[in-house]
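The listed protein sequences correspond, in order, to chains A, B and C. With my numbering as the guide, the letters of the first sequence map in order to residues -1 to 548. With my numbering as the guide, the letters of the second sequence map in order to residues 93 to 378. With my numbering as the guide, the letters of the third sequence map in order to residues 133 to 498.
No wet-lab data here; the hints were simulated from the structure. Be careful, since some hints might not be right.
Under the rule of at most 30 Å between Cα atoms (straight-line distance), these lysine-lysine pairs were calculated in the DSSO-like manner [as the list claims (entries may be wrong)]: (1) K260(A) to K248(A); (2) K460(A) to K444(A); (3) K444(A) to K469(A); (4) K460(A) to K248(A); (5) K261(C) to K460(A); (6) K261(C) to K444(A).
Computed from a prediction, not measured in an experiment: that's the story for all the values here.
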Amino acid sequence: MIHFGRLTYTYPGSHHPVLAGVTLHIDEGEFVLVAGPSGVGKSTLLRCLNGLVPHFTGGKLSGSVSVAGRDPVAEGPHTLSRVVGFVFQDPESQFVMDRVEDEIAFALENAAIPPTEMRARVEEVLDLLDLVPLRDRALDTLSGGEKQRVAIATALAFRPRILVLDEPTSQLDPQSAEDVLQALVRLNNEVGLTVVLAEHRLERVLPHADRLIHLAPPSVEGGRGEVLDGPPRHVLHRMDLIPPLVALGKELGWEPLPLTVKEGRTFAEEAVSGLRVQVSRSNLRPEALKSETALRVRELSFAYDGVPALRDVTLTVSPGELVALMGRNGSGKTTMLRCIVGLLRPEQGQITLAGEPVVGWETADICRRIGYLSQEPDDLLFADTVAEEMAVTLRNHGLTGSPPIAPDDLLERLGLGGLAVSYPRDLSVGERQRVALGAVTITRPKILLLDEPTRGMDYPAKRELVRMLRKWQAEGTATLLVTHDVELTAQIADRVVVLSQGEIIADGSATDVLATSSFFAPQVARLFPGTGWLTVEDALAGLSALSCGG
Amino acid sequence: MSVRRVISGFIYALSGAIGVLAFIYPFFTPASSAAPLGLAHGQDAPLMTAALVGLSVVALLLELQGQTISAKTVAMLGVLVAITSVLRFIEVAVPMPGGFSPIFAPIILAGYVFGSRFGFLMGVFTLVTSALITGGVGPWLPYQMFTAGWAGLTAGWLSRIMHHVSRFTFNAPVAAYQAPGSQRRLTLDIVFLCLFGFAWGLLYGVIINVYFWPFAMGPSAQTWMPGVGLSETLSRYGVFYVATSLAWDVTRAVGNVALILLLGAPTLRALNRFRRRFYFEVSASA
Amino acid sequence: MLDARVWVLWALTTLLTASSARNPLYAAVLLAVATVVGTVCAADRAQRVPLSPLRFAALAIPLSALFNGLTAHIGDTVILRLPDWLPLLGGPVTLEALAFGAINGLTLTVIFSGFAVFNQVTPVRDLIKLTPRAFHEAGVVLSIALTFIPQTTRSLKRIREAQAVRGHRVRGVRDWLPIFVPLLVSGLERSMALAEAMVARGYGAVADQEQPLCRQGLLALGLSALFGGWLAWLFLPSWRGIGLGAMIAGAGLIAVVVWLAGRGISHTTYRRRRWTARDTLVVLGCGLTLGVTLVPLPLVNRSTLYYSTYPSLTRPAFDPFVGLAMLGLLVPAAVNAEGQADSTRSIQSEAIGGADERLGQETEDG
């Protein structure tokens, strides 16, 4: 039904083709997952399906594309919109109108569909996506997951046969992402819609995919990147960056490769059967200095318009410690960070940085000692070059003559060595985040606050971030990390604090909190309950120790 | 192609002429003017003028809108109008001196970077949106739309002129920004834009007053006494203008200059980078 | 709830009637009518109008009176005499001139309050839906603008906080740069994402297109007729009729081009509002007012509409029929047409609240 024949595409102004000789075939009704690191061409491939490439983006395209018997390159997105529905990554930038129903009707109105049929289709689509209780709501008031469901609904208004989604859940929290994915699975199973989905976080989608397409980056020698295509288990064998469960399965030779914890359980029980399991962690972490605290929050309370967001929260972070702050959406995590940096004034409580109380200080002063990276690092970037961004921060703090760390050194450390004169907004998402990180850490703060740094990131970028955080940790920086990403927490956190409705409900070492929680347990912990293993390394080391030991 | 150009030229000229005439006719109207709607003493002249100016805006809109506007232009216009309207809220919420309005600088800068067509559309739509949001719809709206539209339109023409006058334009490749001496040349852009901003700041006030004056002055039988000539009318208008809005308009003009001077260069650079990255598709603007 | 078009008609009727009725008594009637309609129909008192009609009146009437009194030196009742050597101001300041100015101010106040009511009772999105088909894309631009205003306000707040976190303080105009540029650029980047989403949903054009030559020609012709006709009407007294005809023809041609442009756009409407009896009643009321004001009818003394304070102050005449006809504008209040609470106008108060919050932060921080 969908066929790519030796597709080669080059973006305008670029010298290297982003897709080279891609040949693929997708049948009707399949649920296809497209994976690969950022920048490798997943988005481009998807946009070829409805003609956005090359009609919207320009550039040179050769080879053939055929979608349900039509040629997107010849016909263009206007005609293809009837056959292919497309959903984009950012839930905020897809809507023209302000109410759910009007938004769905907008596309139909432009197509001059008669009013009675319009009504029928709108109702149909609202039912399909479970949006009936939300139909009169203003789009502004919806959550990210609900907005994406509305976006899917608008795409389905034309009754297309194929639904293409470009990282629809990367900006969403886990619960919303789950809702959206469940909706997609339902559409694929019950309506028979062909779904083509590009995703970073494979673990949720793998069990449902019929086919996995992996685009590999071009090799260092200059050879073309490989396109792997086939049933998920086959392709996963040949991929590097994979979910922990699958990685563990590959290492231990589990066949057939388990895609869900349920499938992995039998293998896991076999592996530990008969062995006495000790609760231990193989990763050695530097001993956190308990004597001094870098950041102490005491009995912090804050309310938005009378609605309490933080109730009597007490928390300490020591130098060299990395504390992960987790909790559902709206539990108060971001509020706490904002209170700490002075953007919000708490009603009661005290915040001390290395012993100095800072409540009531100006944000600019507090941020000399704290580096705070918000959820949208793009908000910071306005200068012409990367180097200029750092210079701006130095100027703001009056440190131009004597920077606490040489800007070039910082750039090197952030992996941005060759990019000092690049325009920040031209860089990739990961690079931009690192520029923002550089801009806030140029003052060499002893404390680092990060709000959801891995949202929308692919595995390689995450690995980079982990590396950097570990280096900072080794230097004695105290880090408070707000995240939904359980796997990330398992990898680097020393302590985990869980917030719910503004109160701390758990505060302990990573092993204690993650391994025992049912909601926050990483895949490895779910596979091996009671062992205290959190990461693949933990499990491998633990299993080999056990089998050696006896 | 050239026939089209000629007709386009006509449409611009006529539309502009209607605007200019709306401005200067009170100075020339003879003493006894009958009213179009059969009522005594030409009370409807200002309404008719407003309608005529409105029609000229409609005509220009039709001309510049063409058959279709691309989705990119539509989306960009929408977002830029939103940003400028938010700036207008600041104007309403925070007391600023005089008639300072932060919406003209963005319109002029956008017209400068994206072309006269874009500038006109942005001017018109910004005024309409602000009027809708702030509850300012009224018989003054055609004048506001006309002026803001022409400010954006002429800003686009200015950039074309600058392109020919100095070989540097902001259209040059990025390396030009970093080349020695480029700061100086960008400054040339800014200088002209400042003058432009000043001129339009004043002009806006003058034009809006033109709208207001016939209303305020009442029927012509009283305005022009027997034997009153052009100079007398001019001086009365001059007094009116000074009394009601010169100070206002000067602060607006100076405010425009300040905005463009202080924020203009980086804004131009940012807009231009964006333009090269995304907007390569835009067809030749009017 | 009335159709938005009906409110437009009402506002225009008020405008025309107020301009035609120079008589202070009629003006007072109209002002009372507008106030009543405003009180009854404007649902949300919190909706902002730039200036309340009362404040406008307090400004306009005295200022106008003063200005006219000082510059027009005709009339019988002299209050004081300014030295003659003063340019323009020199001469007698007469009561008649003051009164004339005051009446001008009153007329302006009536027009202003009519439109104030209009602004309060019509939801913004309904007004956007009124755009003729030819300007459909303009309507889309306006819709997008309205949708993005709350987002932009939130973005502004977030950017301000982000810059504060890197040590930025807002002290002068220059300091707005790190806030304005990211706002602008991220807004534009988001607009590209929006454009892509629109194109993917089949929204018309990927590229700009110019209008057909014949339409352009018609437009030029219409404008020429308009301009020429106006010139004639203004400056050539003997050709007044032709001038008027030319203007009407020109306007007609432009309307034809609008219609032609609209035909090229295929578009249906999802929400169709049905015309109710209330709408018809209001239209009839407006028609009554307009008719009596503009059309010479027996029994109606239209000359009372015009009142001059010169040469000396006299009692203004009042024709009860004309006064009654003006009550035709009261129909919306009579049918108790509640204006819809408009969420879009509250966006403004929210945004301004946001601005206040920012200011509050500013004062707190420094």
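30 Å limit on alpha-carbon distance, applied to hinted pair K261(C) and K444(A)
Roughly 56 Å separates the two Cα atoms, so the pair is violated.
Need the status of pair K460(A), K248(A): alpha-carbon distance at most 30 Å?
holds (21 Å)
Just to be careful, I want the Cα atoms of K460(A) and K444(A) compared with a cutoff of 30 Å; is the pair within it?
Given that 30 Å is the threshold and the Cα spacing comes to 22 Å, the pair holds.
Hint check: K444(A) vs K469(A), CA-CA at most 30 Å. Holds or violated?
With Cα atoms ~13 Å apart, K444(A) and K469(A) stay inside 30 Å; holds.
If you draw a straight line from the CA of K261(C) to the CA of K460(A), is it 30 Å or shorter?
violated (47 Å)
For the pair supplied as a hint, K260(A) and K248(A), confirm whether the alpha-carbon distance does not exceed 30 Å.
Measuring from Cα to Cα gives roughly 16 Å; hence the hint holds.
In summary, the numbered hints that this structure violates are 5 and 6.
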